[in-house]
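A.B. asks: Here is how the chains run, residue by residue.
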Amino acid sequence: MKIIQHIGEYFILMGRVFRRPDRWGMFFRQYMKEVEKQGLQSLPIVIIISIFIGAILTIQAKINTENPLLPTYTTGLLTRETLLLEFSSTILCLILAGKVGSNIASEIGTMRITEQIDAMEIMGVNSANYLIAPKVVAFITMMPFLVIISIAIGLVGGWGVGAFTDIITVADYVTGIQYAFNPYYVTYGLIKSVVFAFIITTLSSYYGYNARGGALEVGIASTNAVVNSNILILFSDLILTKVLL
Amino acid sequence: MISVQDIVKSFDGNMVLNHISTEMKDGCVNMIIGQSGSGKTVFMKSLIGLFQVDGGRIEYDGRCLTDMNEKEIRALRREVGMLFQGSALFDSMTVLENVLYPLEMFSDMNHQQMVDRAKFCLEHVNIPEHVYNLMPSEISGGQQKRVAIARAIVLNPKYLFCDEPNSGLDPKTSLVIDQLIHQITQEFNMCTIINSHDMNSIMEIGDHIVFLKNGSLEWSGSKDEIFHTGNEALEDFVFASNLYKKVKAAHQA
Ligand SMILES: Nc1ncnc2c1ncn2[C@@H]1O[C@H](COP(=O)(O)OP(=O)(O)OP(=O)(O)O)[C@@H](O)[C@H]1O
Ligand SMILES: [Mg+2]
Chain A
1 MKIIQHIGEY FILMGRVFRR PDRWGMFFRQ YMKEVEKQGL QSLPIVIIIS IFIGAILTIQ
61 AKINTENPLL PTYTTGLLTR ETLLLEFSST ILCLILAGKV GSNIASEIGT MRITEQIDAM
121 EIMGVNSANY LIAPKVVAFI TMMPFLVIIS IAIGLVGGWG VGAFTDIITV ADYVTGIQYA
181 FNPYYVTYGL IKSVVFAFII TTLSSYYGYN ARGGALEVGI ASTNAVVNSN ILILFSDLIL
241 TKVLL
Chain B
1001 MISVQDIVKS FDGNMVLNHI STEMKDGCVN MIIGQSGSGK TVFMKSLIGL FQVDGGRIEY
1061 DGRCLTDMNE KEIRALRREV GMLFQGSALF DSMTVLENVL YPLEMFSDMN HQQMVDRAKF
1121 CLEHVNIPEH VYNLMPSEIS GGQQKRVAIA RAIVLNPKYL FCDEPNSGLD PKTSLVIDQL
1181 IHQITQEFNM CTIINSHDMN SIMEIGDHIV FLKNGSLEWS GSKDEIFHTG NEALEDFVFA
1241 SNLYKKVKAA HQA
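Chain order of the listed sequences is A and B.
The first sequence begins at 1 in the numbering used here and counts up one residue at a time.
The second sequence begins at 1001 in the numbering used here and counts up one residue at a time.
Hint data in this document are derived by calculation from the structure and do not stem from the laboratory.
Heads up, none of these hints are tricks.
Examples of chain B residues lying across from chain A (beta carbon under 8 Å, computed):
| hint | residue |
| --- | --- |
| 1 | Arg1074 |
| 2 | Ala1075 |
| 3 | Arg1077 |
| 4 | Arg1078 |
| 5 | Met1082 |
| 6 | Gly1086 |
| 7 | Ala1088 |
| 8 | Glu1104 |
| 9 | Phe1106 |
Heads up, simulated DSBU-like pairs for lysine-lysine below, C-alpha to C-alpha not over 35 Å straight-line:
| hint | chain 1 | residue 1 | chain 2 | residue 2 |
| --- | --- | --- | --- | --- |
| 10 | B | Lys1172 | B | Lys1045 |
| 11 | B | Lys1045 | A | Lys33 |
| 12 | A | Lys33 | B | Lys1158 |
| 13 | B | Lys1045 | A | Lys2 |
| 14 | B | Lys1071 | A | Lys33 |
| 15 | B | Lys1119 | A | Lys37 |
| 16 | B | Lys1025 | B | Lys1119 |
| 17 | B | Lys1071 | A | Lys37 |
| 18 | A | Lys2 | B | Lys1071 |
| 19 | A | Lys33 | B | Lys1119 |
| 20 | A | Lys37 | B | Lys1045 |
Every residue, glycine too, gets a C-beta built ideally from N, C-alpha and C.
Given these sequences and hints, build the entire structure.
C.D. replies: Set out below in structure tokens:
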């Protein structure tokens, strides 16, 4: 019963978010701030995670394909496919849900409990539109770049295994990551990531916007935002994979 | 003028506002008084539509809030300024940006005019220039209240709402804030509504007083009448402090 109420309230909120902004100038100013906060400030974590995962995937792929019947390019191929299909879109978004989602939910939740949102409403501002829309649009536009960067850095991580260890040769790896490349997988990853970016930002905003009470409730809102974003990301991953692949 | 006719509000069957009717005139400080939990905040938030009333009419100079759609309510709110109990300054903006915000959202001025207007309002509430670029967390509670007043009046509102403007302030600063609100009200002929349970500010600046008890309007009138109303609940509230018992004794002597 409660979940139906949540879904209803979520869509009502979205109805207020996706309106024409009161002032486009203010929207773009907020948009640029959010691009910096959610996009650029996520770069370090994206880079660190991607390089490690790329390297680890390569090592694991090598161990699991240690079979003379399999061609030597298999390792690179597996690394590439895993990055394209799952890691750099879904897993990356799960991780970013923790960073961006909790940030959004606690920021908006704090504004709610300290009556800053009421203050905006009293001025006649559509607070849902002013606060949430720039975040959603900013993260959606930044997400494809983060995914592309993650794929590229992940592939570099795998190359590092070839270059700095004798687990695999660079030549085999480079052949592998180019072998039977299907560009549609990149499109598929990008489409998924944009959907996930929408889920993370809107769901976290919803939990923050509806926080009531005090600091404790803001903490709960932020936990709910992350947990439920993750669940919804995995669920829609399943559906999108069925539809798109 | 705001006129309230027979408004009712309850939360899950718990009646918080019980058929309240009253009128708040322009150029006056209208005080809503009553004990903690008597429904003052709910009353104020209902007046501006932050809570939806279950019944009754609220009219702003003949425009009925309860009949308006969301867009019309937003248009009306541009004529409303509100000072929240906790100041509610935007903590991601500096003092000056806080006061500029309503102008940036709604006025057609150019940037320089907006800055001039914001500075004019900040000067009006005695905020020194070196504070303009500080964040709200870096200034004192009394200063925050004053910045919030500046933000509330920057668009020249017709209606000003203040929820306990001097809670948590020392008596002297309270007096300064009270007089500031009173002065602004008369200067700009605003319809001002203040929630308070502070007898000092009631006696200092209250022009029209509405006494709420358990969500019902128990008494309303002027501050001169307040000492000899014969209303038991009101006397109980007013003379809870020994000081005012002595004031009354002096009055009678
Ligand atoms: N959002 C809400 N949901 C349910 N009940 C509420 C809500 N807000 C207020 N109430 C109830 O309404 C009653 C009046 O509360 P209100 O905040 O108006 O009191 P108040 O007169 O402003 O008190 P104080 O002087 O302490 O601020 C209280 O009994 C409170 O429990
Ligand atoms: Mg109150």
